[in-house]
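Peer 1: Protein chains in written order, with the numbering used here: chain A, 1 to 142; chain B, 1 to 334.
Calculated from the structure, these hints are not laboratory results. Since the structure is predicted, the reported quantities are computational estimates derived from the model, not experimental observations. Among the hints, erroneous ones may be present.
[Said to hold, decoys possible] Selected chain A positions facing chain B (in silico; Cβ < 7 Å):
{"hint": "1", "residue": "10"}
{"hint": "2", "residue": "14"}
{"hint": "3", "residue": "19"}
{"hint": "4", "residue": "103"}
{"hint": "5", "residue": "120"}
{"hint": "6", "residue": "121"}
[What the hints assert, rightly or not] In silico SDA-like pairs for lysine to any residue, Cα to Cα no more than 25 Å straight-line:
{"hint": "7", "chain 1": "B", "residue 1": "329", "chain 2": "A", "residue 2": "124"}
{"hint": "8", "chain 1": "A", "residue 1": "81", "chain 2": "B", "residue 2": "331"}
{"hint": "9", "chain 1": "B", "residue 1": "329", "chain 2": "A", "residue 2": "48"}
{"hint": "10", "chain 1": "B", "residue 1": "313", "chain 2": "A", "residue 2": "81"}
{"hint": "11", "chain 1": "B", "residue 1": "34", "chain 2": "A", "residue 2": "103"}
{"hint": "12", "chain 1": "B", "residue 1": "307", "chain 2": "B", "residue 2": "113"}
{"hint": "13", "chain 1": "B", "residue 1": "34", "chain 2": "A", "residue 2": "116"}
{"hint": "14", "chain 1": "A", "residue 1": "24", "chain 2": "B", "residue 2": "62"}
{"hint": "15", "chain 1": "A", "residue 1": "121", "chain 2": "B", "residue 2": "185"}
{"hint": "16", "chain 1": "A", "residue 1": "81", "chain 2": "B", "residue 2": "324"}
{"hint": "17", "chain 1": "A", "residue 1": "121", "chain 2": "B", "residue 2": "91"}
[Stated by the list, open to error] Chain B regions said to be covered by chain A (calculated; three or more residues, Cβ under 8 Å):
{"hint": "18", "segment": "81-93"}
{"hint": "19", "segment": "118-127"}
Glycine is no exception: its CB is placed at the ideal position from the N, C-alpha and C atoms.
Spelled out from the first residue to the last, the chains are:
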Amino acid sequence: MGAHISIPMYQRAVAQRYRLVGQKCTKCGKINFPPKAVCKYCQAGNEFENVSLSGKGKIYSKTVIAGGGAPPEFAEEAKCKGSYPVAIVELDEGPRIIAQLVNPPEEGYSIGMPVEAVFRKIYEEEGVIRYGFKFRMAAQSV
Amino acid sequence: MNKSVISYGVYLPYLRIKRDEYISALGSCSAAYKEKAVMDIDEDTITMAVEAARDAVSGIDAAQIGALSLASANFPYSEKVMAGTVIEALGLNNNILTCQHGNSTLAGTEAFLSAMGMLDQTDQKYALVVVSDAPAAAAAVDLEHGFGAGACAFVLAKDEPGLEIEGVYARAGEAMGLRYRLPGETGVRDIGVKTYASQVYNETIKGAVLGLLRKMQLDPNDYSHLVLHQNDAKTAAALAKKMGFSEEQLNQGQLFSLVGDTGACSALLGLCNVLDNARSGARIIICSYGSGAGSQAISFKLSGACKNTRPVKSLLESKKYISYIYYLKLKRCI
Ligand SMILES: [Zn+2]
């Protein structure tokens, strides 16, 4: 079972889920994402400054979730696609986050490749759309 | 007060289906395009709107945006302030003026004109217009064959050089039975009389475009480009010719054959492609169309820089083809 996230809980994290707002620790300067009560880097800072992350990063590690292994809120997507790729992305600003990849190249992709955030529907529950970030391969310089 | 578009952004979904896929699956395809853009299962008109808007505002101080005008004939909710989603996704000020236009493919230029009005009411310098659409109909309906998807966004500014808005003219009147949708239905219908549909399309657009030319005291030769709303490519091309415009003036604004019918986006998306290549000083006329029926024509003059980060050409080239079966899966038909 996937962890159920109530609408009020999701709502409180809108800035973080819609535009990657993280918290910069005023003590050590590192960026916490998702936000924490105490800085996970220096274990001391508890005052932060909001910063919008660029959404740019690189693949740190990757896996594929097969249809049967998908949490129920992703069942519709898994049913359509059979499976979907998930990666740990290391953002340019430092934090690592788990997210789905969209349109991974058919010839494959590897650790270290640049990616960028895209705004997508994550899932839908009780008729309410949960928007958030996924990642795609960074646009090739034109 | 002088108003200009100073930047714009475009989003096209990555997925495409070729007309040939329809033909091999169904034996025919009612729309004459080469391929069309298709939203992925996790996309809707709001996610496309956010992507286009994000590009349009890159390099603009978001704190100076005082109004947001949003348009789609296919919003994911029938009732909700969806401008709120866009505000949060872009990190705009929560106190800006907002409006949403829907219910017909006229919504795109309606939103554009509303944003011009809202600019007069805000102390900020900029208004953001975001138009995103993905027309829908049941898979068994002929109209469905042509339906594509896309989004575009524009930043309007007060008294700054850019794509200057010179004049507008409109026409609206009753036209029954053409592309309509009842409450609670997810797809549009049509009585399916093609000659009647083309006649109304021609008269409505002609009324707006020729009226605007008269009002501006200009003629087709004064314009480098004409962009018309496209339900299909042929009707638009024939009409342009009838109004005294050449193929050359029309070509760059015609994207139907590569993206399909993009509804409320149609003329504005064409405008973006024109802007990618337009010369300084060029005059451009665009005209929208919504069945029922109405048209709004806008005359522009490119008198300063109008920026775009991702050219439409690169978005047209960035794609992956899908099968008709996969297309039906994405549309939740199977
Ligand atoms: Zn710290």
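Peer 1: Evaluate each hint against the coordinates.
Peer 2: Status of the hints after comparison with the structure:
A hinted interface residue such as residue 10 of chain A counts as satisfied when its beta carbon comes closer than 7 Å to some beta carbon of chain B; here the least separation is about 12 Å, so the hint is violated. With a least beta-carbon distance of about 5 Å to chain B, the hint placing residue 14 of chain A at the interface is held under the 7 Å criterion. Hint status for residue 19 of chain A: holds, given a least beta-carbon distance of 5 Å to chain B, under 7 Å. A least Cβ separation of about 5 Å between residue 103 of chain A and chain B falls short of the 7 Å threshold, and the interface hint therefore holds.
The restraint placing residue 120 of chain A at the interface with chain B holds, with a minimum CB-CB distance near 4 Å, inside the 7 Å limit. At a threshold of 7 Å, the smallest CB-CB gap from residue 121 of chain A to chain B is about 5 Å, leaving the interface hint in force. Our distance criterion of 25 Å between C-alpha atoms is met by residue 329 of chain B and residue 124 of chain A, whose separation comes to about 17 Å. At roughly 13 Å between alpha-carbon atoms, residue 81 of chain A and residue 331 of chain B fall within 25 Å of each other, so this suggested pair holds.
Distance hint between residue 329 of chain B and residue 48 of chain A is unfulfilled; the C-alpha atoms sit about 45 Å from each other, more than 25 Å. For the suggested pair residue 313 of chain B and residue 81 of chain A, the alpha carbons sit about 28 Å apart, so the restraint of at most 25 Å is broken. A distance of roughly 22 Å separates the Cα atoms of residue 34 of chain B and residue 103 of chain A; the hinted pair therefore holds under the 25 Å criterion. Simply put, residue 307 of chain B and residue 113 of chain B have alpha-carbon atoms about 20 Å apart, close enough for the 25 Å limit, and the pair holds.
Between residue 34 of chain B and residue 116 of chain A the CA atoms are separated by roughly 30 Å; this puts the pair beyond 25 Å, and the hint is violated. For the given pair, residue 24 of chain A sits about 21 Å from residue 62 of chain B by alpha-carbon distance, which is consistent with the 25 Å threshold. Pair hint residue 121 of chain A plus residue 185 of chain B holds up; C-alpha atoms about 22 Å apart against a cutoff of 25 Å. With a C-alpha separation of about 14 Å, the suggested pairing of residue 81 of chain A with residue 324 of chain B holds against the 25 Å cut-off.
Only pairs whose Cα atoms come within 25 Å are accepted, and residue 121 of chain A paired with residue 91 of chain B is accepted, the gap being roughly 18 Å. With 5 residues bearing a CB less than 8 Å from a CB of chain A, the segment 81-93 of chain B meets the requirement of three and the coverage assertion stands. Here the segment 118-127 of chain B counts 0 residues with a CB under 8 Å from a CB of chain A, which misses the bar of 3, and the coverage is violated.
Consistency with the previously given hints fails for numbers 1, 9, 10, 13, 19, ordered from lowest to highest.
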